[in-house]
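A.B. asks: Sequence:
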Amino acid sequence: MCQNFGSLHLSGPLKDMNFSVPEGSGVRLIYQFTAEPPAVSFRATGEKDGILDIVAETGVLYLNGSLDWETKAKYRLQVESLDEKGQRVKGPYTVIILVEDINDNPPEFDQLMYSGVVRQNSRPGSTIGTLSATDMDEKDTLNSRLQFKIESQVPAVPASDLFFIQQDTGMLQLISHSLNKRIASNYSLKVLVTDAVFQTICDVQIHVIDINDQIPIFEKSDYQNVTVAEDLPVGTVILEIQATDADEPLTGSSYIIYEIKEGDPNKVFIIETDPETNRGSIRINKALDFETAQVYNLVIHATNPEPLVPGVQYNSSSIAVLKVFLTNVDEPPVFNSEAYIGEALENIPVNTLVMTVEAYDPEGDTVRYSLEGDVKKWLRIDSSTGKIYTASLLDREQEQAYEVQIVASESSKQGKDSTFIINLKDVNDNPPRLAMNSALFFCYPLSGGERTLIQATDDDEQKFYSTFTFSLKDDMNTRNNWEISKINSTHAYLSPKHTNLEEKVYNVPVIINDNGRPPLEAEINLEGIPCTELLNSRCLFIKKKKEERDKPLLLGYLFYLTLCFA
70 MCQNFGSLHL SGPLKDMNFS VPEGSGVRLI YQFTAEPPAV SFRATGEKDG ILDIVAETGV
130 LYLNGSLDWE TKAKYRLQVE SLDEKGQRVK GPYTVIILVE DINDNPPEFD QLMYSGVVRQ
190 NSRPGSTIGT LSATDMDEKD TLNSRLQFKI ESQVPAVPAS DLFFIQQDTG MLQLISHSLN
250 KRIASNYSLK VLVTDAVFQT ICDVQIHVID INDQIPIFEK SDYQNVTVAE DLPVGTVILE
310 IQATDADEPL TGSSYIIYEI KEGDPNKVFI IETDPETNRG SIRINKALDF ETAQVYNLVI
370 HATNPEPLVP GVQYNSSSIA VLKVFLTNVD EPPVFNSEAY IGEALENIPV NTLVMTVEAY
430 DPEGDTVRYS LEGDVKKWLR IDSSTGKIYT ASLLDREQEQ AYEVQIVASE SSKQGKDSTF
490 IINLKDVNDN PPRLAMNSAL FFCYPLSGGE RTLIQATDDD EQKFYSTFTF SLKDDMNTRN
550 NWEISKINST HAYLSPKHTN LEEKVYNVPV IINDNGRPPL EAEINLEGIP CTELLNSRCL
610 FIKKKKEERD KPLLLGYLFY LTLCFA
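Take the position in the sequence shown, starting the count at 1, then add 69; the result is the number in this note's numbering.
Just so you know, these hints were derived from the structure itself, not from any lab. In this text the structure is predicted, and so the values were computed from the model without any measurement. There could be a bad hint or two in this list.
What the hints assert, rightly or not - FRET-style restraints, in silico, Cβ to Cβ:
{"#": "1", "residue 1": "557", "residue 2": "145", "range": "57 to 63 Å"}
{"#": "2", "residue 1": "296", "residue 2": "328", "range": "47 to 53 Å"}
{"#": "3", "residue 1": "209", "residue 2": "326", "range": "30 to 36 Å"}
{"#": "4", "residue 1": "514", "residue 2": "555", "range": "41 to 47 Å"}
{"#": "5", "residue 1": "175", "residue 2": "114", "range": "19 to 25 Å"}
{"#": "6", "residue 1": "134", "residue 2": "209", "range": "25 to 31 Å"}
{"#": "7", "residue 1": "290", "residue 2": "230", "range": "15 to 21 Å"}
Claimed, not checked - Under the rule of at most 25 Å between Cα atoms (straight-line distance), these lysine-lysine pairs were calculated in the BS3-like manner:
{"#": "8", "residue 1": "446", "residue 2": "392"}
{"#": "9", "residue 1": "218", "residue 2": "289"}
{"#": "10", "residue 1": "494", "residue 2": "446"}
{"#": "11", "residue 1": "143", "residue 2": "117"}
{"#": "12", "residue 1": "289", "residue 2": "259"}
{"#": "13", "residue 1": "392", "residue 2": "445"}
{"#": "14", "residue 1": "159", "residue 2": "141"}
Beta carbons are placed, not taken as given, at the ideal position from N, Cα and C, and that holds for glycine.
Please model the entire structure based on the sequences and the hints provided.
C.D. replies: Written as structure tokens, this is what we have:
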């Protein structure tokens, strides 16, 4: 590709460089790199995005497209010079093109229309609200510096300059005492926001509200008595009350807030206001409890969120009383905890105490305890005290975490369940054993070096069988004919001690000890059988593989073979 850029004044040798280019579109040259022999051409790679490239023959770095600072503010290229064969001569060097922002974005308001309210007796300087706008151009530059201005006010009565907006912050304020709802209850403002080039306009609606010179008045001063059951759920409405306010509807001057000022220190009740009707709904805010309080003498005040004007005060017309009676409900027993977790050694004696649970009855009735789900019959519970004992021997190897349900009940009804989980701690109550068949076969006649692998295991936790010791019983025949050698913590080799064994069954007593506290020992009789007729071909295969059988990676495979597939 060739481009004719005319006379270039920006040129120089290939090196790391930075360039600043204003955003915009069109074909523009950036720089021309000069080639130093034997270089004859140039190549550029990196963030070209289809609009940055270099003319290979001339070294002209150029822009052929549109740069947008708001989309991407920096491009990084790698430029290198090449010889006639396309081999690199110099580079690659880093060339960074910084996109310069221009003022090409108008400011925009966060809202197309703003609305606010102001009381007619508000003082000059009162804040009505704050307008906010943004500009996509670079922050903290003249391109994005914004200024606010009120363009117009309708109606222009009783004056045309009742409002003021701070040009840098957008804060809208009242600057006159002249607001009068009877003259004008609403104002429409046109507000401009400008940067150095562009401007945007938005509408602001200001509603003048009446002053709060009327107090709420209850339709009843005494709402008499309300009787409710103590088991009503939280959120239930027990009564609706009503007060009215003569100030302008749907404003802070007429909206009514109901508060219980006396008779409910723990805030068992709450009053919510319907914003359309100002009707108050008295709801249960916390669980009722007849045993804690049987009667509530409530004193309710009605007020406005807007302060009253000077000279006007709340009085007895804004106060009402209500008496709430609770009726008792026979409630079931309740546990102090939803779950109990205990721990015990698996070898503890029968009738050992492992846990005490506790439930209470809200009415004070006697609580009785029982167990459910004790499928193994390991536990029993004292029905009067809630003490849980072992009823039989525990066994961790059968169940490590044993779970049952505890039931608390009174004479008339059953209460809530609670869960009891007993985690059994292991004791060394299982002796070691072999993890394989006890009959071991050897190929007869013996040629020397025969051995077979034995493995020990244990049903106790890992800490009790992580290490085993292997030995032979101390009798003459065993010692003369057999030997045992340990491989690791769980495996050992059993080998004939010589090649003169007869073709018969030999009993080989092996003793295995674990490392528990106290340690347990097991004596196991292995049958060693030299054989000729059993699978002779495999015996021959074993002899051919004799040199390989000592390799650790083949231990398992050779063990399988040396058994002669018994």
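A.B. asks: Each hint should be assessed against the structure and marked as holding or not.
C.D. replies: Do the hints match the structure? See the list:
| no. | hint | verdict |
| --- | --- | --- |
| 1 | 557 x 145: 57 to 63 Å | holds (58 Å) |
| 2 | 296 x 328: 47 to 53 Å | violated (23 Å) |
| 3 | 209 x 326: 30 to 36 Å | violated (45 Å) |
| 4 | 514 x 555: 41 to 47 Å | violated (28 Å) |
| 5 | 175 x 114: 19 to 25 Å | violated (37 Å) |
| 6 | 134 x 209: 25 to 31 Å | holds (28 Å) |
| 7 | 290 x 230: 15 to 21 Å | violated (49 Å) |
| 8 | 446 x 392 | violated (54 Å) |
| 9 | 218 x 289 | violated (52 Å) |
| 10 | 494 x 446 | holds (18 Å) |
| 11 | 143 x 117 | holds (11 Å) |
| 12 | 289 x 259 | violated (48 Å) |
| 13 | 392 x 445 | violated (56 Å) |
| 14 | 159 x 141 | violated (29 Å) |
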